[in-house]
Amino acid sequence: MDFRLTPEQQMLKDSARDFLADHCSSDFVRQMEQDRRGFTSELWAGMAELGWMGLLIPEEYGGIGWGLTELVVMAEEMGRACLPGPFLPTTLGALALAQAGNEAQKQEILPAVVSGEAVLTLAYLEAGCAVYDPLFQAATARKQDGAWLLEGGKLFVPDAEASHWILLCARTSGSLRDQEGISLFLAPRAARGLELRPLKTIAGDKQFEVSLKEVALPPDALVGEAGQGWPLLEQLLMTGALAKCGEMVGGAAKVLEITADYAKERVQFGSPIGRFQAVQHHCANMLMDLESSRFITRKAAWSMGQERPNPMLVAAAKAWVSEAYRRVVSLGHQIGAATAYIVEHDMTLFSRRAKAAELAFGDAAYHYGQVAQRLGL
Amino acid sequence: MDFRLTPEQQMLKDSARDFLADHCSSDFVRQMEQDRRGFTSELWAGMAELGWMGLLIPEEYGGIGWGLTELVVMAEEMGRACLPGPFLPTTLGALALAQAGNEAQKQEILPAVVSGEAVLTLAYLEAGCAVYDPLFQAATARKQDGAWLLEGGKLFVPDAEASHWILLCARTSGSLRDQEGISLFLAPRAARGLELRPLKTIAGDKQFEVSLKEVALPPDALVGEAGQGWPLLEQLLMTGALAKCGEMVGGAAKVLEITADYAKERVQFGSPIGRFQAVQHHCANMLMDLESSRFITRKAAWSMGQERPNPMLVAAAKAWVSEAYRRVVSLGHQIGAATAYIVEHDMTLFSRRAKAAELAFGDAAYHYGQVAQRLGL
Amino acid sequence: MNFGYTDEEERFRQELAVFLDKHLTEEIARQNWEDKGVGPEAREFSRKLAAYGFLGMGWPEEYGGKGLPPAYDFILLDELGKRWGAHVPLDVGYTMVGHTILRRGSEAMKKEFLPKIVGGEIEFCLGYTEPNAGSDLAAMMMRAEDKGDHFLISGQKTFNTECHYADYHWLAARTDFSPQGTGYKGVSLFIVDMDAPGVTVRPLWTMSGERTNEVYYDEVKVPRERLVGEKNKGFYYMMEALGSERNQVFVPSRLRPVLNMLLAYAQETRYQDRPLSKDPVVRRQLARAAVELEVAEVVADHSRWLEALELPMTHQPEMTKVMVSELEQRLVNAGMRILGPYGQLEEGSPWAPLGGRIEWYYLHSFMTTIGAGTSEIGRNVIAQRGLGLPRG
Amino acid sequence: MNFGYTDEEERFRQELAVFLDKHLTEEIARQNWEDKGVGPEAREFSRKLAAYGFLGMGWPEEYGGKGLPPAYDFILLDELGKRWGAHVPLDVGYTMVGHTILRRGSEAMKKEFLPKIVGGEIEFCLGYTEPNAGSDLAAMMMRAEDKGDHFLISGQKTFNTECHYADYHWLAARTDFSPQGTGYKGVSLFIVDMDAPGVTVRPLWTMSGERTNEVYYDEVKVPRERLVGEKNKGFYYMMEALGSERNQVFVPSRLRPVLNMLLAYAQETRYQDRPLSKDPVVRRQLARAAVELEVAEVVADHSRWLEALELPMTHQPEMTKVMVSELEQRLVNAGMRILGPYGQLEEGSPWAPLGGRIEWYYLHSFMTTIGAGTSEIGRNVIAQRGLGLPRG
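Chains as they are written, first to last, in the working numbering: chain L, 1 to 377; chain Y, 1 to 377; chain P, 1 to 392; chain H, 1 to 392.
Careful: at least some of the hints might be erroneous.
Claimed, not checked - Computed footprint of chain L on chain H, listed as stretches where at least three residues anywhere in the stretch have a Cβ under 8 Å from a Cβ of chain L:
1) 83 to 94
2) 166 to 174
3) 266 to 278
4) 284 to 294
5) 319 to 326
To be verified - Here are some chain Y residues pointing at chain L (derived, C-beta under 8 Å):
6) GLN268
7) PHE276
8) ALA278
9) ASN285
Rather than coming from a laboratory, the hints here were simulated on the basis of the structure.
We put the beta carbon where it would ideally sit given N, CA and C, even for glycine.
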């Protein structure tokens, strides 16, 4: 057992913190919320230069080929800085290709991801479904004249407009909610019949509705085998969930820093408010939520790289961290009071993102369901 | 709107408090837990003298003919004193007879209840059912040779051994969980084929399993119409739930008194612990739970006496008070610490009874279900 | 014991309901609901409320009221609340300041202000909080120097919410600078014209889009007649008014439309071929919210009843405040859970459920346990006043 | 980063598991589990644990240990916990006192006691709490007068839990009565024979049937050699040992059998023609408990890992303590909810589900957030040591 980061991981983390301190101030973050694209080419290029987008990409395609542990460590820094932009969608798209893409797809796209030229995203949720349920795949893909014809719609697709490629989930067989019959396709964002409609969200992130009207894709747009996409999708979603956990841990750490600093400085009734027991207890609860979130996230990520991985830990982490982070921002607001509730205050960046992250890749309700299933209930 | 008790209610309450202070000390309560019958004839006779068992019985049968509001006010005092014995089962049995019994049943039994000669109880739950569900009636009653033959079993029957009469629920038609087909019968405790097995419970109260093996009852043992017992049973259970809410309110009031007194007296770190903010906040939470419980209970009881009663309030009260009282005893233990955890300390009487009361006449889960149903969900 | 309303009260409620269903448009409701600032529509609505006889029931006849029990004003608040109207349009005057003027103001002040307040014509904004005086209001530093026929006031207030549209500032400032005047001693209350020279209002925007303000005073001359009651007694007046203010501001019925919206959503939205309302977890969440709301209503009723009968209020209004504000958070969190991924969509977004109101309420709900006093201070008050625990 | 065990550690665990499955009977487990008092069976089991080489892995070889990392002792605790064994049979000596003797005792004291502790032969009981020194331990009044070759001790302890079967009292008493010796200064630690003349033990029975004790000292003579370390340093030694004690006493794995029991119950018990485990509310409750247990385990692991590497522990053991104790309450409450009306039935009653263990645990769980320090003090410690917030 060893809870420490390796020297390499520590270096990665430190350089990420330095880079983000320089290039991703909270003012910049606020600005990007108003920006249509939600990030800048300069930022993206800088990240590429540091090799971030190649984190999970095998070395043969120019990446670093690291694992989930490193991803969550990086994500902590990103969450701490509220990093905007398509890092995670691109990473997941690239991971899909690396895992199941054909050689041509890999050759064409992975190096472009690493260099920052290609932005990717993953489209898998649908509007017809009232709860988070990635098995709900009503969009269809059928073969016609040697091409794939996609029909239907996707919702909550991050950064679709900024993406060059969209990984689309569609059903090639089976009924709604069958695991069998789900397929992944690689579609250029500019494909005919593929239309985007921006959503307005609590976090000011850039999510889209994607509608697919007779979108024709070549046969080799299929990623992996037809109808066998579920295990891949499931893996991508676990990776996404872990990365979101990492982001939430980083956010929670920053929120607690802001809050503890304030509690030490803010004087009321002739004393720093951090001396009052109620404030101490709130802060203690925040610290317990923070550290427990960090440990369970890292353990889950570590486990997925082991010989006998334990996917229940991923569900446990996403359920726990989603709720823990919500508690942390609530207490942060409670202690920060009116001051922290003004839009200029950084707290408001974190509390809005906490909700978005809680919902991304499955809320606590979904992941408790996953845990129950894996417990054999 | 008027939250005050009427002078008559206040008098009732005051005299109950006086009587119980004299006749129901906590030592007596502890003693009765060890006693097989669980109460004494002296106590019972004293209660009868004050007219308690006649509270809901019409004046023509010797009772006072008061309503649910008075019942919950009385129950508060009983809960405060942890009054043992079959007051509530007897009251419910008598209410059943007063509402639906035939004239002979009323004439024979109601005056005997008032005078303290007759002890009654109500048997409606069954062992085959994993959750609280009064619709689950598997015990059967069929007509044979002009008599009713009852077969089956009942569980969680309070004070069965001390009772002279048991109101038994059994199914005369319909399937399990049908409202239609539930009937009530008045059986002498000594009826042949009716056997009792004592249960050991958290509160040290006297609950029994009742098994019915070809118990033959005369035709006029039927209370009300055959198969039409559900509305009556439902009313009895709402009455029972309200009385339990009253008991819990009284218990919570006493627990808070004990706790606040302790917090003012107990000195640690050179100060009464009641000065520490964490203790103040616990006490504030207890007070909110107590007063909200009292108000919702009284309002629900009042409502049931109005032209347009709102039974949802009864379910709301039982759900809320059951959980609130559990919170109150938990905080009482938290503040009372080790001292309050020793069997000689009165806290332990209340916290064990809190669980029993929470479960009686439906736990919070059941009543949330009732609320959901009445909300049209 | 009686938890109902009289026939007269019920009749008033029904007439009011007819009026509100007709005149209280969503636009007007939202101007209050979201503190976006009361515009001409809401002012118009306010005057209509008065004209139709729904304002001022509980106020003395000599100042434009009807001299009836306060129950009528609570019915008004409840009926507004059920229709997304957070409170009467010009509410600081009507539900807070007016009562202190009535209790403590000079006869001239009463004559000048009360009829207009009761008539729904003017609005006040509270001027209490300062950058270094939040929970610890008694630490306020705003200086009001007594110049005989006027006071000269300088300093800064913050989080003064209605100041960008109110007509008058209900200002607390320090008038005793001697060693005896520290803390809660030495504070006085003033009524200041918002357009008085030297008063500057700067916006602060909250996370949920409400506007609040910083207010700067630069040697503002305030006539002596605008001193409320006695000099240096202001803090007592503020505290004396607090219970009633809590009763009027923390109105559980405002959560009814939120609950109803969620009930309807759960019934109308299907997943796996059945409505969400058949999911036991959703049922539990909604039932619990409904129960909590019933409970909050009777708790609030108790506190209002004490006020109406002028019985002593100790911890009860604070209890209402803490319970209603925390219920709001739990209710909105339950709502967000039920909406799942759709909960993050804002008003105006494709696919935003329930008009994005739950999302807005979620952001808003972070404030409910802070605004007008934190839950932490509230619990101290409850323990100390309600149970006699020693002060910390 | 590595959250797993080495191959050697895994091998140890497996051998241990085989041993425990054979030798750890329910009777023995319950003697510890319910603090009913360790009887001859558990003492026998304790000696066997040692004889088979499962005790003392983490202790120095010169005192009977194997000189291996502390991880092995944690594995021992985990495997016991999974089988309802709350801790090693003679646990105060092994998991608490022994470490302080090792750190602070004289060589003679080490030689006398450590081999017997490591060999599972003797037990201690803690003598800290007094009627007026609970959370505020530093207020203790027990007097130990220095008489040169011995100390003369008088006074009263309370809630000293294992004293009715322990061999030695690990006693904290005041040895400095000067103005400088107040509070945490001037306290010393002693090892006292439980059968020393003048020591009286009186039972106190808890709500859940455990026995704890009042212990009275009436001019008890304790030889100077039984003073632990330096005079007047006792409180420092107590505090120094606290983190490790928390790590050893608050063992999440003890909740595994409770969870497993409930999982099985939900799967096997049917209502309306389906297992309870298919009810979404029950599923949610059990899943949440399972998640919390996973989380508590990794939190505890972190704190143990710090201890094993002798890295500084500040708030971490306290965090483990607070989280594990509160998880126990939530888990048991979930269990009671799932059992419904059957939850009130005690062991030995007809129809008592799961042998009445949940009912017992429910009563027991009121104590977990009090015993060995309240959650309130725990949170103060976490905030102050973990975040540097100022002391109150």
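Numbers of the earlier hints that this structure fails to satisfy, in rising order = As far as the earlier hints go, 1, 2, 6 and 9 are violated by this structure, in ascending order.
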